[in-house]
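Asks: Now for the letters of each chain:
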Amino acid sequence: MSTEKLLEVFIGPQHPTSGHMRFIAELDGDIIVDFIPDMGWVHRTIEKIAETKTYIQIIPLIERQAILDSANYNLGYILALEKLLDIEAPPRAQYLRTLICEINRIASHLYGIGIHGIMLGSSTAFMWAFGDREPFIDLMQMISGARLTYSYMIPGGIRRDIPHDFQDKAKKAIKFMRKKIKDYFDLFNYNPVTLNRLEGVGIIKKEDAIKLGLVGPNLRASGVYYDVRKAEPYAAYPEIDFEIAGRNEGDSLARLLIRFDEIQYSMNIIERVLDDMPSGPLLTNIYLTKLTGEKKELLKKGIVRFPTLFTALKTKEGECLARVESSRGEAIYHLISNGLLKPYRCRLITSSFRNVIAFKHALIGHKLADIPAVYGSLDYFPPEADR
Amino acid sequence: MMAEDLVIQLINELLVPLFRFLLQPYIFVPLIYPGLLVVIVVIIFILWLERKIAGKVQLRYGPLYVSKRFGGIIQLIADLLRYLFAEVLVPKGADRFIFIFGPVLLFTSALLPLSTIPVGPNYAAITSELSLLISLSLLTIPPMFVLAMSWASNNKFSFIGGLREGYLMMAYEISLFLSILPMVILFKSLSFIEIIEGQTALWGIVLNPLAAIAFFITMLYATSKYPYEIAEADTEVVCGPYTEYSGILYGLSMGYAYIKTYALSLIFALIFLGGWNPILWPASLPPIWFGYSIPSDILLPGLMVFIKALIVMAFSVFLRTVYPRYRIDQAIKIGWHNLFTLSIVSVIISVLIVMLKSVI
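Protein sequence lines, in the order shown, are assigned to chains A and B.
Position 319 of the first sequence, counted from 1, bears residue number 329 in the working numbering, the numbering being contiguous throughout.
Position 29 of the second sequence, counted from 1, bears residue number 862 in the working numbering, the numbering being contiguous throughout.
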């Protein structure tokens, strides 16, 4: 009887909003009775491929699980690898890592905000957010030469120093973004229609957020002020004074606004990093001494060429765990090495993978039209979850 | 000599009857202005304008590739051609007859209200006492074909989209009729021409701004413009009732919304923006052909109304850049609560104005 009343709607994978995944929604009229996020459509076996590559070859592979957020995912792997190798990057490299991670966080959040905008029907928010990503992507291009996949961090350091005119460009971009954020609030965030669509929709209470194991901005929007950058500081975060964003409402609006908060805090971090940047080597001393000839000359220009030793990088036997706060939340890397050229196992737990459960919790009892509103607010990125 | 005679004979025997035929109001109005010919030009222009305005707000160019020198204005002709030559796919489970004829009937029925719209004070196809009522009644026909199309598509998203269209229709239809009632009460007529004659001194929008606002919002509902672009919400129901459509059939159903916008904008211009008022030209300017003064009977009043309607249309498409879309239940609630109340209040205001007039 009851099953006949329900309408089963398959949303995706060929649906304007679904992204690389499928949702199965059971509707009673317009109300969602059951909601199943069916993931795995873009599974690329990154973990398995990693077992067939050397430690250096894994760097460009591993950041492709979330190309919007490649710096953070790059860093997580490098931190795990450095633990295995028993090395640590010099202070300047640590600061530059923090810098690039925060720039990447801004670009990634703007992407999420833009997608949220178009999901609600605001094409202006979408276009603005994607346009405003450009200054930050340009900054990344200035540092690393790539727009999205930087492969910037290497074991023991980084690949390149910042150019001399970088500071001015970065400060200009930050100034521009601070001015522009006001426009977003006027046109999109506090638009009466947006407020109607998002306020009180998809509420995840504090206890539920903890129970579901959510991470990142979605967790912090529910009132749990947990951030790996504070809980287990890495790179230059222990030396920098910064705030983490938090809100208590736990609804879609809070999750949208928290991304704007994080953009502002990230800009503060970038400014502090640029002001306090220590001078010094870009690569740890063990590898620096191995650089000879032309590579040594290039090092003076701030270009790090890989020491020959990287082609056959071996780690000690053992396993280690590293955590980073990527822009969508905590990412965990578990590396197991048996002392050979390739890792025995490279286990990744990405933030979107942990957030996907929130769909099932947040959407039940809401309307069909709330699916894009909640989806966008969770900033869920299917390739990141599928790996 | 022979050649000149031939030309004169040709003009006399071919062009004169043709012009005489075309200039008859009941041919000219549905076929040329404000009917079919101008409709196609308007659709092409307004779609271009919509994309250009959106581009301006969103800090990008908008259409530019086709005819770069003129700002990409014929981009829509290219799009139209693409729609025309794309293959029309009919899904397996669809009701073929309704599926194919739905959009055709939709497009044609959307053109019907235009034939009731007068071009000038002395030039109209339908000079009925009830022309305003007729045009609004004709406007309520096409949504039925949308419902039929959504049902015939045999697709869940089409089905949901069609239901949404039906619910929205319920929410705005009463307010649509209620929001023209104030004007009818003020000018004591249901005829376009008499209502426009009543607006020589003060326009309807000045006399009763609430009614104008209510009508404009119902217009956004009726033509599925943001923030009420709900039936076709692409992020929710793919393309609503038109999900399964492709090629020219989709082109026709997309054109329908714009014809409706155009028709409602014309009605807005006529009953709220004074129609062809103020009349800035002498009564009968030459050339006078077949009993009609072309400039002062057709061209100038027609142009006046057309420009006003275009401004209304441009504003309604501009809202796309400002608003996201409402949820369906919110839109229905706004329709029944706020819009209905607003139109009732505007009726009361009109009644008060009329009572005040009679007292004075």
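Fair warning: there could be bad hints in the mix.
Unchecked claim - Simulated restraints, written as ranges between beta carbons of each label pair:
hint, chain 1, residue 1, chain 2, residue 2, range
1, B, Phe1010, A, Tyr200, 31 to 41 Å
2, B, Glu920, A, Glu18, 23 to 33 Å
3, A, Asp38, B, Asp928, 18 to 28 Å
4, B, Leu966, A, Asp38, 14 to 24 Å
5, A, Lys15, B, Ser1079, 50 to 60 Å
As the list claims (entries may be wrong) - Cut-off 25 Å, straight-line C-alpha distance, at most; resulting in silico cross-link-like pairs (DSS-like, lysine-lysine):
hint, chain 1, residue 1, chain 2, residue 2
6, A, Lys370, B, Lys989
7, A, Lys300, A, Lys311
8, A, Lys182, B, Lys889
9, B, Lys889, A, Lys192
10, A, Lys326, A, Lys93
11, A, Lys190, B, Lys1021
Simulated from the structure, these hints should not be mistaken for lab results.
Ideal placement from N, C-alpha and C gives every residue a C-beta, glycine not left out.
Asks: Go through the numbered hints given earlier and state which of them the structure violates, listing their numbers in rising order.
Replies: 4, 5, 11
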